[in-house]
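K.L.:
So the chains spell out like this:
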Amino acid sequence: MNRRKTAAIAGVAALGLGLAACAGGGSTGSSGGDENTVTFRSWSPIEQTTQQMVDAFETANPGTTIEATIFNYPEYLVDLQTRASSNTFPDIVGLQPGALTQQYRSNLMPLQDCAASVWGEDWQSKFYPIGIEQARAGNPEGDENFYSLPILVQTVNLWANTELFDAAGATIPTTWDELKATVGQLSGGDYAPFMLPAKDGWLRNAVFLQIVNNVNPGLVYQAESGEDSWTNPDIVTALEYWGKLFTDGIAQEGAIGLDAYPSGANQFEAGNAAMIPLGAWWIQQSDPTKDQSEIPPLSQGMAGFEPFLFPTIPGGADESQFVGGIDVALGISKDAANPDLACKVLTDWIAGEGGQKLVDTMNDVPAVAGLEPSTFTSDKQEAIWNTFVNDWLPQVKYSRYFDDPKVDQAVADALAAVATGAQTPEEAAAAIQAVSDEVNG
Amino acid sequence: MRTKLRQNTTGLLFLLPALTLFAVFVVYPIVYNIQASTLEWDGVNPGTFIGLDNYVRLFQDPTFLITLRNSAYWIPLTIVPQALIGLLLALALNRGIFASTFYRALFFIPAILSPVVVGIVWQRVMDPFNGVFASVGKATGLDWLGGSFLADPDTAIFAVIVVNIWMWTGFSMLFYLAGLQLIDTSVLEAARIDGANSFQTTWRITFPLLKSTHLSLLLLGIIGSLKTFELVYVLTQGGPAHASEMLPTYAFQQAFQLQSVGYASTISVVLIVIAVASSLSMVRVFGAGFISGDEK
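Taken in order, these protein sequences are the chains called A and B. One point on numbering: in the UniProt record's numbering, the residue at position 75 of the first sequence is 75, and numbering is uninterrupted. One point on numbering: in the UniProt record's numbering, the residue at position 202 of the second sequence is 202, and numbering is uninterrupted.
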């Protein structure tokens with residue numbers, strides 16, 4: 001290689017190194033900006049609802065501006081990480097409890113003082129217990145701060161198409177054997193008796209958490225923390241029952257290749273399935289603020305749908321357990337240009353006029369008790385709403401999330417492997433245990 | 001000496017904008033990635049230097065090995081059929097058949113559609129419960145059409161490859177059409193006068209004269225294959241159980257879902273090495289002027 005070439009390569013390398021502004025540095029975080037403007041970025045609530053919340057706040061607080069941007073969830077993760085690294089962190093951000101909140105903890109301010117200043121010292125009593133518990137999930141030992149506060153909560157559960165059930169003379173199953181019998185009773189039509197859109201890891205995990213908590217309530221979280229083992233026979237049993245959804249012909253053909261949104265949800269709403277595992281948020285299909293003529297008949301006032309809990313498992317708990325938690329939480333940047341204004345926006349959206357706009361759309365269940373939609377479009381819709389807010393949410397004890405994303409992914413991978421026959425339940429449990437060992441050191 | 005220096009300075013000044021863009025948008029991200037690949041880092045909080053540990057872990061990672069296997073499937077199984085079908089379509093349309101402009105646009109439409117839209121539509125087409133293929137299969141007795149192509153770990157990657165071929169064949173066709181327009185018709189005329197039939201003219205005259213088009217498509221195909229993301233993400237999310245995972249989808253999952261930006265950077269560095277090595281190998285074998293058609 002001649003000297004000129006060597007010099008050119010050295011020059012490019014030196015330029016590159018000079019330009020490389022140190023990967024691996026922590027973000028210093030700086031929201032900056034106008035003191036009367038609050039920036040908000042999230043994946044939820046949906047854009048139209050967010051705009052109503054923004055309008056409500058700006059009308060009540062003349063001179064203030066909220067710049068809101070809503071993304072799809074994967075894009076939002078990229079945006080948030082990029083902004084944290086480039087010191088353009090928004091004033092208010094949408095968060096999920098656990099791993100996501102913990103990743104950005106150093107960019108967030110504790111919110112308990114903000115909450116106490118608006119709602120009083122007993123502010124925690126306004127929220128459903130599971131929301132308060134999950135808001136601090138993953139905090140380092142001794143750190144009792146709230147870096148995010150829930151705005152929407154939910155249960156994960158099953159939904160039935162009551163028109164198909166009625167037509168077949170079927171009843172809502174409450175046990176595994178009844179589920180199998182009901183699927184048999186509903187088979188043979190041009191719809192899926194049990195539509196399982198299992199392509200999405202989040203949905204696989206949500207269904208599994210309902211099964212495993214019905215087998216041995218709470219055990220899976222002990223396995224996650226290292227107090228018990230993933231190879232515990234009860235967890236293996238839960239994996240077996242997950243596998244039976246596929247091998248016993250309960251789920252439709254090709255379930256592991258179907259996504260929940262848009263495919264599974266569209267088919268369920270179109271009447272192509274009698275049951276589907278989703279969650280409380282399905283009630284948003286009957287949004288009272290929408291032009292009702294644009295809503296599919298089954299969804300109008302929830303006419304054709306009814307929620308129910310995942311059936312009990314033989315040898316497991318006597319009653320189905322409630323699994324759920326925070327849908328969306330909000331955090332405030334520790335470098336927000338005007339933390340007081342950001343606090344005012346956040347608390348308004350959780351329990352004020354903005355929150356009312358959110359609840360009016362039935363986007364999901366509000367994190368605080370007592371907020372009700374201004375209008376219901378049917379008695380059935382109101383009854384379902386009351387079931388969620390009065391009966392189910394207060395009883396939710398078990399989280400629909402794992403705290404660590406690596407464990408979450410390991411469970412999702414193991415469930416896919418069991419569903420496709422690539423692993424036995426025992427092998428899948430051992431694979432999760434291996435990741436858990438790595439995570440727990 | 002001074003004149004030469006002035007000439008060089010002028011040349012360098014002309015190159016400066018391009019060099020600046022190259023440094024900022026190519027050199028800087030590569031160096032940044034290499035540095036990040038030596039860290040255990042979530043992309044937000046301070047990282048920890050771990051030397052080459054990420055590389056050691058990567059080459060023991062079964063999912064990474066699956067991504068390499070899938071790339072090895074993807075490159076030949078997309079490039080060859082796309083080129084072959086594209087060439088046949090181009091040859092047919094180049095003969096001025098009826099409504100050739102319409103067909104040209106029709107075949108090219110998939111290439112300009114969003115991969116997200118294509119993915120959602122094909123997922124519904126291949127849904128074994130009530131997709132189009134399943135319905136056709138039921139109606140015709142061809143039951144295999146109702147197979148769980150996207151849900152079976154043994155077939156998922158090939159199902160995605162088929163959709164990719166459907167999407168990008170029109171692009172190859174357009175390249176070949178452009179190449180065919182550049183062929184001197186007198187050469188083809190001379191071959192015909194010498195008694196060559198259509199097949200011989202195509203195989204012995206047209207095909208060799210399209211060498212630069214073949215090679216351009218090969219290079220673009222290799223690079224495109226290595227950075228395939230959207231279609232795989234929408235159709236299978238790399239599943240089931242990572243069976244259709246590609247290097248970019250795995251890097252995305254590590255960086256943004258598992259908060260392992262350091263490890264994702266390691267995957268990206270390997271991706272860069274493979275892409276650069278492939279490109280340099282082609283230049284080495286076919287010569288630097290292979291795309292323009294110049295001799296070595």
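Since the hints were derived computationally from the structure, they do not count as laboratory data. Check each hint, because a few of them may be wrong.
[Claimed, not checked] In the DSSO-like style, the derived pairs of lysine-lysine whose C-alpha atoms are separated by at most 27 Å in a straight line are:
#	chain 1	residue 1	chain 2	residue 2
1	B	Lys227	B	Lys211
2	A	Lys126	A	Lys406
3	A	Lys126	A	Lys334
4	A	Lys180	B	Lys211
5	B	Lys227	A	Lys406
[Said to hold, decoys possible] Using C-beta positions, here's what the derived DEER-type ranges look like:
#	chain 1	residue 1	chain 2	residue 2	range
6	B	Tyr55	A	Gly370	51 to 59 Å
7	A	Val78	B	Val26	42 to 50 Å
8	A	Gln51	B	Ala72	45 to 53 Å
9	B	Lys138	A	Glu133	45 to 53 Å
10	A	Glu133	B	Ser281	51 to 59 Å
11	B	Lys211	A	Val78	35 to 43 Å
In this text the structure is predicted, and so the values were computed from the model without any measurement. Just so it is clear, CB atoms sit at the ideal spot from N, CA and C, and this is done for glycine as well.
K.L.:
Okay, which hints does this one fail, numbers in order?
P.N.:
Hints 2, 4, 7 contradicted; others consistent.
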